[in-house]
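**Q** One letter stands for each residue in the lines below.
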Amino acid sequence: MESNSSQVRPTLEWPQKAWNLLAGVRSQSPLIQCITNFVSMDLMANTLLSAGASPAMLHCIEEIPDFTPHAHAVCINIGTLSPSWLPAMKAAAELCSKLGKPWVLDPVAAGASSFRLKACMELVEMKPTVIRGNGSEIVALSKASTGLTKGVDSILESTDAVEAAKLLAQASGAIVAVSGAVDIVTDGKQVIGARNGVAMLQKITATGCSVTALIAAFVAVDKSSALEAVVSALSIFGVAAELGMKMANGPASLRMHLIDSLHGLDEAAVLSHVNIGSLP
Amino acid sequence: MESNSSQVRPTLEWPQKAWNLLAGVRSQSPLIQCITNFVSMDLMANTLLSAGASPAMLHCIEEIPDFTPHAHAVCINIGTLSPSWLPAMKAAAELCSKLGKPWVLDPVAAGASSFRLKACMELVEMKPTVIRGNGSEIVALSKASTGLTKGVDSILESTDAVEAAKLLAQASGAIVAVSGAVDIVTDGKQVIGARNGVAMLQKITATGCSVTALIAAFVAVDKSSALEAVVSALSIFGVAAELGMKMANGPASLRMHLIDSLHGLDEAAVLSHVNIGSLP
Amino acid sequence: MESNSSQVRPTLEWPQKAWNLLAGVRSQSPLIQCITNFVSMDLMANTLLSAGASPAMLHCIEEIPDFTPHAHAVCINIGTLSPSWLPAMKAAAELCSKLGKPWVLDPVAAGASSFRLKACMELVEMKPTVIRGNGSEIVALSKASTGLTKGVDSILESTDAVEAAKLLAQASGAIVAVSGAVDIVTDGKQVIGARNGVAMLQKITATGCSVTALIAAFVAVDKSSALEAVVSALSIFGVAAELGMKMANGPASLRMHLIDSLHGLDEAAVLSHVNIGSLP
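Protein chains in written order, with the numbering used here: chain W, 1 to 280; chain A, 1 to 280; chain E, 1 to 280.
Just so you know, not all the hints are guaranteed correct.
Identical chains share a label here; the pair holds if one copy fits it or two copies do between them.
[Stated by the list, open to error] As a list, the in silico DSSO-like pairs of lysine-lysine whose alpha-carbon atoms are at most 27 Å apart: (1) Lys-166 with Lys-150; (2) Lys-150 with Lys-98; (3) Lys-223 with Lys-90; (4) Lys-118 with Lys-90.
Hints listed in this document are in silico derivations from the structure and should not be mistaken for laboratory results. Because the structure is a prediction, the values reported are computed rather than measured.
Working from the sequences, and respecting the hints, build out all of it.
**A** Structure (C-alpha cells):
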C-alpha cells in the first residue's frame, strides 16, 4: 500500500507536511468562525485553542456581514439543526464563496430526516471547500437519501463509502473526507488514507465535529491544497488521540489527554507517528 | 433493611439484574433521542456513549416524525426551557405514547416558575414511562406548586419526598425516581432504595440529567419492567461514581473518572457494589 | 509596586478578604442566575458549584418575573448572542436594578459586530454592578467602537486598557475588570491589580466567562464593596489556576485541576498565594 503513495507524493513528505501545517496554525492563529451544534461547542472551541487557532462561536445572522469577512475560515455543522439556524449557515456559506474564503461542512446525521437531508443538500450546493462526515453521512449525501444512518453513528465503515465520497467530490467540487478506522480523503480522483486515530474516539461525543473544525483551521493556513490540509488535520488529530490513549483509562480521560497532546505535539512526535498513504 | 427486600425480589437478584441490563445496553446499543437543556448535552451524550448506548441530541420539531420512530427511547429534559422548545417535546412525547415507545421526563427545577411548572404538568399528562427528579422537583410536581425549589438544587432530601413520589406515580402512571443520598424509585405501591453514589455528584452540573438519560437507555432494553430498569440504571451510575471517587481529587476529576468507570465497569465490580433494597 | 498598596488598603488585608469571601460563598451558597452563551454553560455551572454557589442557567423571559427575584445575583454574558435572547437579558437586568440586586455583564467580543456592540451598550446603560472583559472588549465598550477585537480573543493587554476601564467605570457607574496577565479592577478612581493566574487559561474556552460568574457569586455575598468582591473573585480563580497548573499537562488537564483546586482551596493556600496590589 505504502509503495503506491509515490503516485501522489513521496511517503516521507506527508509527516513533514502535517507538521508544517500545524506549525502554521500555531504561528498564524487563524480566526475560525464556527456555526455548530450545542453538543460540540465546548470541545470544538478547546480543540481549536489547543491547536493554536482562535475559535469564534458566532451563529447569529445579524453578525455575519460584519464578522465573517474577518474569519480565516468557517466551520458549519448541522448537528442540532433547527430552521432558525439555517439562514445564518447559508448566509455565512454564501459570503465565504463570494470572498473566496474556505468553509467546511459537517453534515451530522445527514440521513436522519428529510428536513436534515434537504438542509445538507442546499449547503452542499453552496460549494463548501471541504465536506467531512462518517460513512453513513457521506453515502446519504451522495445518494441524496435518508435512512442510511443510526442517529449520529455510522452504520458503514469509511472504506464502504469510498465510491460515494468520490462521486460527492466530483459533483460538489469539495474535498470529501470520511472518518473511520481509516480516514478517507478524496478530491474525486485521488484517494488518500489517513491511518492515525484510536477506536475509542467513537465513544466521545463531538470528536468528529471537532476534527472538522481543525480541518477548517488547517485549510485556512494552506490555501494552495485543501486536500493536503484535510489529510494533515485528520492525521494530527489522530496522532494526538494515539498519544492521549497511552495515558487514558476510558473515554473521558482520553478526551482530556487528546486535547493536552494536541497542545503539546512536537515535530518529532508528528514525524514518527503520521501514517498517510494513497489508497488504490 | 435488606431483609425486607425479599418482599419485592430476592436481594441477590438486584446486582445481577443491574449487570444484565448494562450488558444489554452494551450489546444492543439502543438509540436514545435526547431533547435536553444546553448545559447537559455534552455530559449526557458522553454518559450514554460510555454506557454503550447511541445518543442523538435532536430537538427540532420538523425532524420528529422522521426520527423519533427509530429511537428506542426518548429523554425529555426541561432544564433550559423556552417556549420554542416545548412543542417538540410534546410532539416527541405524543409520538412515543402512540408507538408504545418508552420516554423519560426530567422536570428540572419544576417549581422554579409558573411557566416551568405548567410545562411539566402538561408533559406529565402525556404519560411518561419514568419521571426522575430531585426531592424538590418531585414534590413540586406532586403538589402542582411552585416555590419548593432553590434554582436547580433540591431543598428536600429524597426521603422527604417518598409520599409525593408515590402519589405522583399513582396519578401519572409513571415510575417515579427521586435522586438523593438514597435514590428512591416507586411505581406508586412498592418503594425501592438505590444506595449507590457519592455526595460530590451534587457538585457536578448535569449528573442528574445524565442519569435520567441512562435510565432511558436501560428502559429501552428492558421493556418488561421499567421499575427494575430505573433502579438498575441509578445503581450502575452510582457504582461508577463510587469507583470514580476513589481516583478523584474534586468534582472535575470525579466527572472524568465517573465516565471512565461507567465505560469500564465489569460484572465483578457491579455484583460487589450494587446496593439496592426495598424501603418500608 | 506593593508598597503603594497601602494607599488603598494594607497589603495583608487582601488575602484575608479574598478568603473570607470564598468562605462566604461556601456557607451562603448564593443562587446565581446565568444568562450565558452556549459554549460556557457547562464550565460556568461547574465553576459556581465548585466554589460553593448554586448556579441556575435560566434564559427564558417568561420565567424572569418568577425566578430572578429569588436569585442573589445575575450573570449576563452575550457570547453566542442572538436577537431572541436579548429581551430576557434586558428584563433580568432591569429587574435587578429595580430590586437592588447585583448583576454582572460579560461583553464577549463586544467589538466584533455592530449588532453586538449595540446590545452591549444598551446593557451597559442598564447599570450593571460589574463589567468584566478582556482589553479589546473594554476598549470597544469605552469607545463604543467595533473593530478592536479578533473574535473573542483580545489584541490588547489588560494594562493597555486601564484608561478605557476608568472611563467606562466613570461613565457607567460599574466596577470594571479587565482580564489579562495582570487583572485590572477599577471603580473609576482607584485601580487594583490582581496578579494571580496562568497564561494557559487563554487556551481554555469559557474561563473568562466562568470567572465573571464567580464574580457574581462574590458580589452576592459582599454587597458592601463590589470592588473588593471583584478583586477577590479574580484572585481566587487565579490561585486555583496556579495550583491546578502544577498538576496540568496541557489546557484540558488544567481545566480539570482548576475546578478541583477551586473546590479544595483552603485558607492557608489562599493566604499564601493571593497577590493583589494597587496600581499607579
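**Q** All the hints need checking, so say for each whether the structure fits it.
**A** To see whether the hints hold, each was checked on the structure:
no., hint, verdict
1, Lys-166 with Lys-150, "within (23 Å within a copy, 37 Å between copies)"
2, Lys-150 with Lys-98, "between (35 Å within a copy, 22 Å between copies)"
3, Lys-223 with Lys-90, "within (22 Å within a copy, 43 Å between copies)"
4, Lys-118 with Lys-90, "both (13 Å within a copy, 24 Å between copies)"
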